[in-house]
Structure formats: structure tokens, C-alpha cells
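Listed below, chain by chain, are the residues.
Number of protein chains: 4
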Amino acid sequence: MPITLANSNYGKSRVRVVKITRHADRHDLAELTVNIQFEGAFDAVHLSGDNTSVLPTDTMKNTVNALAKSWSGEQIEDFGCQLTDHFLRDNPQLSRVRIKIAQTEWTRLAQHAFTGGSDEKRTTQIIATRAAVGIESGIENLIVLKSAGSRFQGYKKDRYTTLKETTDRIFATAITATWSYRTPQAAFGPCWRQARAAILKTFIERDSPSVQHTAYAMGEAVLQAVEDISEIRLSLPNKHCLLIDMAPFGLDNPNEIFVPTDEPHGLIEVSLQRT
Amino acid sequence: MPITLANSNYGKSRVRVVKITRHADRHDLAELTVNIQFEGAFDAVHLSGDNTSVLPTDTMKNTVNALAKSWSGEQIEDFGCQLTDHFLRDNPQLSRVRIKIAQTEWTRLAQHAFTGGSDEKRTTQIIATRAAVGIESGIENLIVLKSAGSRFQGYKKDRYTTLKETTDRIFATAITATWSYRTPQAAFGPCWRQARAAILKTFIERDSPSVQHTAYAMGEAVLQAVEDISEIRLSLPNKHCLLIDMAPFGLDNPNEIFVPTDEPHGLIEVSLQRT
Amino acid sequence: MPITLANSNYGKSRVRVVKITRHADRHDLAELTVNIQFEGAFDAVHLSGDNTSVLPTDTMKNTVNALAKSWSGEQIEDFGCQLTDHFLRDNPQLSRVRIKIAQTEWTRLAQHAFTGGSDEKRTTQIIATRAAVGIESGIENLIVLKSAGSRFQGYKKDRYTTLKETTDRIFATAITATWSYRTPQAAFGPCWRQARAAILKTFIERDSPSVQHTAYAMGEAVLQAVEDISEIRLSLPNKHCLLIDMAPFGLDNPNEIFVPTDEPHGLIEVSLQRT
Amino acid sequence: MPITLANSNYGKSRVRVVKITRHADRHDLAELTVNIQFEGAFDAVHLSGDNTSVLPTDTMKNTVNALAKSWSGEQIEDFGCQLTDHFLRDNPQLSRVRIKIAQTEWTRLAQHAFTGGSDEKRTTQIIATRAAVGIESGIENLIVLKSAGSRFQGYKKDRYTTLKETTDRIFATAITATWSYRTPQAAFGPCWRQARAAILKTFIERDSPSVQHTAYAMGEAVLQAVEDISEIRLSLPNKHCLLIDMAPFGLDNPNEIFVPTDEPHGLIEVSLQRT
Numbered sequence: 030m031p032i033t034l035a036n037s038n039y040g041k042s043r044v045r046v047v048k049i050t051r052h053a054d055r056h057d058l059a060e061l062t063v064n065i066q067f068e069g070a071f072d073a074v075h076l077s078g079d080n081t082s083v084l085p086t087d088t089m090k091n092t093v094n095a096l097a098k099s100w101s102g103e104q105i106e107d108f109g110c111q112l113t114d115h116f117l118r119d120n121p122q123l124s125r126v127r128i129k130i131a132q133t134e135w136t137r138l139a140q141h142a143f144t145g146g147s148d149e150k151r152t153t154q155i156i157a158t159r160a161a162v163g164i165e166s167g168i169e170n171l172i173v174l175k176s177a178g179s180r181f182q183g184y185k186k187d188r189y190t191t192l193k194e195t196t197d198r199i200f201a202t203a204i205t206a207t208w209s210y211r212t213p214q215a216a217f218g219p220c221w222r223q224a225r226a227a228i229l230k231t232f233i234e235r236d237s238p239s240v241q242h243t244a245y246a247m248g249e250a251v252l253q254a255v256e257d258i259s260e261i262r263l264s265l266p267n268k269h270c271l272l273i274d275m276a277p278f279g280l281d282n283p284n285e286i287f288v289p290t291d292e293p294h295g296l297i298e299v300s301l302q303r304t
Numbered sequence: 030m031p032i033t034l035a036n037s038n039y040g041k042s043r044v045r046v047v048k049i050t051r052h053a054d055r056h057d058l059a060e061l062t063v064n065i066q067f068e069g070a071f072d073a074v075h076l077s078g079d080n081t082s083v084l085p086t087d088t089m090k091n092t093v094n095a096l097a098k099s100w101s102g103e104q105i106e107d108f109g110c111q112l113t114d115h116f117l118r119d120n121p122q123l124s125r126v127r128i129k130i131a132q133t134e135w136t137r138l139a140q141h142a143f144t145g146g147s148d149e150k151r152t153t154q155i156i157a158t159r160a161a162v163g164i165e166s167g168i169e170n171l172i173v174l175k176s177a178g179s180r181f182q183g184y185k186k187d188r189y190t191t192l193k194e195t196t197d198r199i200f201a202t203a204i205t206a207t208w209s210y211r212t213p214q215a216a217f218g219p220c221w222r223q224a225r226a227a228i229l230k231t232f233i234e235r236d237s238p239s240v241q242h243t244a245y246a247m248g249e250a251v252l253q254a255v256e257d258i259s260e261i262r263l264s265l266p267n268k269h270c271l272l273i274d275m276a277p278f279g280l281d282n283p284n285e286i287f288v289p290t291d292e293p294h295g296l297i298e299v300s301l302q303r304t
Numbered sequence: 030m031p032i033t034l035a036n037s038n039y040g041k042s043r044v045r046v047v048k049i050t051r052h053a054d055r056h057d058l059a060e061l062t063v064n065i066q067f068e069g070a071f072d073a074v075h076l077s078g079d080n081t082s083v084l085p086t087d088t089m090k091n092t093v094n095a096l097a098k099s100w101s102g103e104q105i106e107d108f109g110c111q112l113t114d115h116f117l118r119d120n121p122q123l124s125r126v127r128i129k130i131a132q133t134e135w136t137r138l139a140q141h142a143f144t145g146g147s148d149e150k151r152t153t154q155i156i157a158t159r160a161a162v163g164i165e166s167g168i169e170n171l172i173v174l175k176s177a178g179s180r181f182q183g184y185k186k187d188r189y190t191t192l193k194e195t196t197d198r199i200f201a202t203a204i205t206a207t208w209s210y211r212t213p214q215a216a217f218g219p220c221w222r223q224a225r226a227a228i229l230k231t232f233i234e235r236d237s238p239s240v241q242h243t244a245y246a247m248g249e250a251v252l253q254a255v256e257d258i259s260e261i262r263l264s265l266p267n268k269h270c271l272l273i274d275m276a277p278f279g280l281d282n283p284n285e286i287f288v289p290t291d292e293p294h295g296l297i298e299v300s301l302q303r304t
Numbered sequence: 030m031p032i033t034l035a036n037s038n039y040g041k042s043r044v045r046v047v048k049i050t051r052h053a054d055r056h057d058l059a060e061l062t063v064n065i066q067f068e069g070a071f072d073a074v075h076l077s078g079d080n081t082s083v084l085p086t087d088t089m090k091n092t093v094n095a096l097a098k099s100w101s102g103e104q105i106e107d108f109g110c111q112l113t114d115h116f117l118r119d120n121p122q123l124s125r126v127r128i129k130i131a132q133t134e135w136t137r138l139a140q141h142a143f144t145g146g147s148d149e150k151r152t153t154q155i156i157a158t159r160a161a162v163g164i165e166s167g168i169e170n171l172i173v174l175k176s177a178g179s180r181f182q183g184y185k186k187d188r189y190t191t192l193k194e195t196t197d198r199i200f201a202t203a204i205t206a207t208w209s210y211r212t213p214q215a216a217f218g219p220c221w222r223q224a225r226a227a228i229l230k231t232f233i234e235r236d237s238p239s240v241q242h243t244a245y246a247m248g249e250a251v252l253q254a255v256e257d258i259s260e261i262r263l264s265l266p267n268k269h270c271l272l273i274d275m276a277p278f279g280l281d282n283p284n285e286i287f288v289p290t291d292e293p294h295g296l297i298e299v300s301l302q303r304t
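Residue numbers (this note's numbering), protein chains in the order written: chain Y, 30 to 304; chain X, 30 to 304; chain F, 30 to 304; chain G, 30 to 304.
FYI, nobody ran anything at the bench for these hints, they're computed from the structure.
Among the hints, erroneous ones may be present.
Copies of the same chain look alike in the list, so a pair counts if it fits in one copy or across any two.
What the hints assert, rightly or not - List time: in silico DSBU-like cross-link candidates among lysine-lysine, alpha-carbon distance up to 30 Å:
#1 K98 - K129
#2 K48 - K193
#3 K186 - K230
#4 K186 - K98
Using the sequences and the accompanying hints, generate a full structural model.
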């Protein structure tokens, strides 16, 4: 019995993009993960290795980035339709385009600062011997992002350095903080809420010349706010949002369209104590 | 050169427990994941296979459950100290006990209903051909739990049925909903918010004789609330919280202490349309 | 426009089961994850809350366990058909049953010992100051299981102990080992292979009175086999396979059918050094 | 009480790199994930925002890539020491460097083809009604990579296309295949093994002008090899290994050093049937 191609499709999955819309009084933030799937006249690709009808999946990704710039940043349904319109118009070989978009929910903290839904935990660790009890409490995975007030300049450069200095970058991280109580009789609930508030206030209000500087400032703010905390450790991954180079598409990108990446990531750790 | 045991420890990781504290006017909810680690005089276990000093890690888990009952349900630091006190008091072979607790953040929706932090997404899918455009939008991973108003009774039993009927169980799920718009000109933002509100209102207010019945009611509420939605599909995993049998410890457990489990889980799917 | 139920289904997902088939000269091992989905005459469940047609998903899970006993342990397709036959025969309300099974690949190491596919890594850590370099290498996530030669007896019991002593249990773990080299000029490749072989040989050949005892024996074997290793740390989660109580189904279960669980799990850590 | 900086460190985590070493008769493959951590004189960064001592974590990543080129591709311990030597030599502000490397285990299939450890599953799905039984079996997550015999040329370009044509790329994927049996009496075990062998043989031996072409060829090979299979579906993510541009470091990179990425990824799906 002869063998035939019954169906085929191809596309790009997990295209991630962040769009910052810069209003006079606030920034809006949209973080999307986009999947694209094409169906159409692709038999020759499969059967004879003729690629002339294949728009590369890398181009699909570039198109998401390019069209994110003209999108309003508001309804993901509109963005999806702009993508299907674009692909159908330019690609007569297509019979069907499917776009899936998932938008991460970010909650506004301030004009330019947001917190991500996600899986924050309140934590504690008790280490007890017959002689003593030590109590360390903290926060795990408090996800935050600010789209203003962060820069990175004046750093050391060597022959492998390609990073460009920036006066305006996205600062996104997932804060883990752990602090030690001076006494097992601390008011754990209020202390925890005060420490968390001090961390967030620092993130929102303080300009950041580096993640290191902000991490130290967070620790200092907690120690100043909560008497019963004797020391604190903070661990801040730098969840990079990379500015996309749109020059190849004939577009500028004045800090609007970014690709968020999970790996590699920077990791900044600091501990502070009273002396 | 002789070989020696330099250090050892053992314990139980990822002990999960949910405690419902039943006040007259509301329920409080605490969901914890506990890790326990013992250090002490355990050389004989390693060297000669003599287990007499080993409290089984299964007993550590049982102890977390038993002590969760007398805990106030408030500060996790207090619960950790109650555990270290208990283990040190009853186990002279221990030199050190370490307890780690991570508390999942639940936000109150109503007297007996909560929503979990987590990773909710707003979603859309556009399928476009040269003839037509179809738009499906929805919600992914809206995590909710109610500790009242859910029962499961009167079901079919066969020779393999061991489940007990209940008039009062925990109903926890991660809602995925997908609906179709009648028109590509719908007001996507307001429609999405109305649909989400209708789903939550149904979850909170309607008594649940089964997940199936609640899933249908959610779909019906969305179709009633949003004219421009023509059909809806809901997928509700039943994230079981199993009542712990405390009779072996000489304790009763009137719907207070539960173990949440990820696998296996029930899965209920339903679709509704206008006809 | 009236609203109608268009489709519905329900079932149980992620039902896990391990079957050991005991031949005279060897054990065979099958580890399955099963998903079950029912379609049929369930409108009353959704519309009026009448559960009389609903076989609980908990019963589906019990049925997988019970039928695993009579299954040959060979082709998963046969097991799937036995399940669909059973459910269709006993449940006239069903129009369609779907069973999905995924079988984990285990590779035989010996008569009663296996290694899991999985994500094993070779690891190293270099810590260098201007004064010294320390090199620690190891193995991460070496997954193994033995179905004979493991027991757990004679341990301490208290009022919360419900675990039963056993002379024959499944021992499953994911080994992480880290050792220190005496010199930065060690033959890293051969040392790594000798250390790994010593760990596996100990796991396969030595009877295990506890995970602790086996962990120590593994460390001892590595130090005896590889001169250039000065100390070693092992971390062994006890990935419990719980014997299923089949008495409620009128069946015995002589160490044949188990449920593997990920949480909670025991965790055993030990370090050994030359002195 | 004054507050002081007790400790600090920073670095780059999850730097991924693949090195292909091209011997006359075979390729060798090393896939590493590297974590780098610096300690030293960094107080000014934290306290005054002076970044002059901070080598960017992006430069750490570039250094891993650059030094991967001169590394032998053999012992990860040697690579780690080359990295610590480099960083200590060039950075007097450092007191300590820590490098962690995890190497993914790849097993050779052929001269230029490998299979990844990982979590392959044998799968089946039974759909049964009172009238008929359909059996679909398959493979999930069979991870393979070939470092020769794959090209991508002659594809459609538009204004957003930046991808360069290549006659020699890495082809890495995680194969999911699902096939339908013509009869419920097929010899499931032998059929499964023959189908898997046909897929692997095609991957290893056939030159690949596109993932699409290879996916079709795999399906064709299975249908030719196994009479009792009537149709087959294949899903192949294109797990891109991107060639790293080393020109900024004054190095060439003749298809030796790559960065493997998980997102975004291409996704190619195809189904074939007998007619």
C-alpha cells in the first residue's frame, strides 16, 4: 500500500516578549509567550527537501518582536489577529495560521514597578539543640520587576566584555530573603510583614546602580525597620530582559521590546548584620 | 588510612499538610511543606546495621500531622519550635533537629474561599484561514480552594470502591477555561474580566455536590454574563486534600488536618454552548 | 438562547503503579503512569447533581491497582485493553473509555536491580583562592531501584509510629555523590568511573538493613577503590514504593503491586573521610 | 547598632555550552552547564554604587564560551581549573572563585550521533467503545542529537529574516511518535522495537535538508518496517544549538562551540498513512 502525507504543520513555540508602554505618568507592562503554527502547501518540503516555501521559524520569532512594537500593548486578541493577518498576507503558501498567546499576570506596585503572580512562600527554619534554638525566617520567590530607575555603568571591561553600558534597563528578580531573629519570642507575624514591606519599598523607591547595591539597600532597610532581626541574607537572581536589536528590521527600539530569558542568569547574594 | 564516618543526618522532606481552623464567621487556612532533619548518635545504624536508635521518617511525617492539630494555625515559627521541642524531648539520641517550613500564600476570596498565589495566565488562540477567523480566549491555572459547601455522596459503588461519602470536603482546583467569541469585534478586556468574575462567584457561592456540577454551573454563569461568548470549555483537576486518619494517634480529626496530593488527581471537563 | 451541555468527560490522571514479577532467576519491573477518561450518560450529574451514575475517580485508581495484579506485566497495550474491557462491562452508563499509559524505561543492572533512564550528570566544583585549589567531583541523579535484598526492622517506635517492619521492600533512590580529590593532578576520568562502579556494585550486591547502612557502605567502597579520593558525601532520597493494601478488594499482595510516591520522601546523608 | 556587610558574592548561573570536537573518524560531544561565583573586594559596589571592580556576569558567560574553544573537551575538572586560573589572573579584586559544572551524559549511537540520558517513555492509548477498540502506541521524549549531516538552505526570506543559511548544523530533538495499529492482535513488543529502530536508523543515516524532511522519512521508515502499523504521527521540537559568534573575542568558531536553548524552539509535526 502506498504511503502518503496525511497532515503537517510547523511553527515556533515559546517565543517570549516583554513590551513596556511608556505613558507620561506610568509604564504599562505586557509579558507574553507566543506559539505560532503554520499549515499549508508544504508537501515538497517533506517529500523532496525543497525548502522554498518554508518561512523559517526564526523569522516567525522576529516577526513577533517586530509586530510587538506596533501593537497597542493592550488586548492579546488584537496582537494575535495582527500576527495572523501579517502571515496570511505575506505567505500565499499558507492555508491556516494558529497563534496562541499566554499573558503573565503582573500586578502594579507603583508607577514603574510590578509584582508577578507566582509562587511566593513564607519560610522558616528552626535549628534546635539541647542548648539553644535559632530561628531564621524569610521569603522565597517574591517576583518583582521595575521598568525605570535601574542602570548599569562604569563596570570593569576585559577582552571578553561585549555588554553595553545602560542608563535605563529592566530590573527583574525573584527575591529570596532569610533573616535571623535575636530572640525566639519575636512577634513573628508583624516582623515578617514589616521586613517584606521594607524590601518592596526599597525596590520601588531607590534608584539602582547595580543589583548588588539594591540588595544591600534592601538588607539595610530590613535591619532598620525590624529591631528583632539581627542579620539578613538576600539572594537576587538577575532575570535578564534583553533589549531586542530591531535595526535589521529597519525599526528603532527605544527600550520598548525585550526578550526575557531564564538562562543564563546573574545571581547576587549579600548578607548584612548588626555589629 | 582508616575510613571514618565524618557526619550524618537523616530526615523527611516534602511533608505536606493543610490545616483548616474553623471560626464562627470564617475559616482560616494554612498550607505547609515541612522538611525535618535529625543529627545525633547514629553511628551504629551506619556501621553495624543496628536500627534501634532510628525513629522512622514515616513517624516524622505522622508527627507533623499530629502536632498540626494542636498548633494554633498562625505562626509557622511556633509550629517549627513545637516540632523541635517534641523530637528533642522524646529522642535522647538526637543532638540537633532542623525543621524547615514553607507556607504557601493563600488570599481570602470569601469566608471559606481562597485563591492561591501562582501562575495564572490570560490566554488567547487565533485560528485564521483566508475565509474565517476564530478567537478563543480564556484563563489558565486560576488556583482556588473552598473549605465549605462541597460534598460528594450518592455515587456508584463497585467491588473496588473504598472512598467514603462525605458531606463536607475541601474543594481545590486549578481552573482552565476557554471560550469562543461570536465575533472578532468583541470587547475582549471587559468580556475576559466578566467571565473570570462569573467563574469565581459561582465557585464561592454555589454549593457543590460534585466537581462536575460546579464546572457546569461555572460555564452557565459565563454564558449568562457575557453575550459575546458562544461556547465555553472548562477543565478542573480535582486537587485532592485527603483527610488524615488520626485514630492511630488517639486523636480525632473533624475535618481539620489534610494532606494535599498532586498525584493521582481527578480531572473533570465540560463544554457548554448556546443552541 | 438556551444553554446546553455540549460534551463532558471525567477521569483520573497520574495513577502510578509499579509491578514486580518474581521469576525464579530474576525479577521483572514495570512502572506505569495511567490516565483514565470516561464519556457517557452523565448529564444528570452536571445538571441536577445526581451522582448515581458516577463511578468515583478514586475507584478508577483502585481498579488500576487491582487489575495490575492479574496483568502479565508485559505489554502495556494488553493492560490498557483489560482496563477498558473491565470498565465497559461493569458500567452501562459509559459510551467510551480512554486509557493512556506511559511506561518508564528501566534498564536491568542485575537479577533484582535496575537503573532508570533519566538525567544523570557528571559534576565538578572547583574552589580556587590565590593560595589553594580544591576539586570536588561527583554524580548527580543516578536513579536506581532494587527489588530484593532490602529490609527495615528493629527501629525505634513511639506513639506516632504506624510503619510496619519489613524484611523485603523496594529500595529506590536517586544517588548524589560528591567527593574531594587529594590532588589537582588526579586522573579525573578513570577515578570518576571507578567511583561510580563502586557505588553501583555496593547497591547491587550488599544487603540493605537501612538506607543509612547502604549509604555508608557506598562511601566506604569508593574510598577503598580510589586512592586519590580523600572524602566523600552521599545524599540518598528514599523514593518510597508503598505496598498497596488489596485486602479491601479481596486480593492478597505478596510484594507485587506498589505505588511510587514523590512526596514526602526520606532523605539520608552521610560523609566519610580518611583519618 | 551599626549595620555592616558581612558577606557577598555574585556570579552567573546556568551558562550552557556545547562543544563538538571533530576527529577524523568521529565527533565527540560535551554539553555543560556552568555556574560561576566571585568573592572579593566588592564593598564599594554594595555601599556606594561604584562598579569599577565588577566584571559583568555577561562577561563571565562570554569567558566560558571563549575558553571552551581551547579546552580539550575531555575532563570537566580541567575546564573548571582553566576558568578559575583565568579569572584569578585577570582580576586582582577577587579572593575566591567557585566554578560548578554539570555535564549531561550523552551516549554514542554512531560516528556523529548521540542519545541523551533522559526520560524516554513507551506509551499507549486505548480508546474503546462498545463497537470498536483503537490502539495507538508510541514513544515519548527520545532525545537525540547529530553533529553532521544536517543543513538548512534555500528557504523563503522576508524583511524579518535574519537567519543565515547553513550546510552544517547541529540537529537536536526530543522525538514523540504515536502510531495506530491495524489490529488489536498486533505483536506489540516486537512492533514497538522495530518502529523505534527504524526511527533511529533514519535519524542516524539520512542526510537532513530540514527537520520536516527527516520527520517524514522517519514516518515512512516505520510504515515500511512494520506491517501492522497503519498510520503514524511524529512531533519533533527543534532544540536549537546556536553557533556562538566569537569574532568579538578575536576567535573563529568553525562549528565547534554552541549555546543550546530551550526557548523559543521550532516544532515540526507530520502524520503519514497508508492509502
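Can you list which hints this structure breaks, lowest number first? 3
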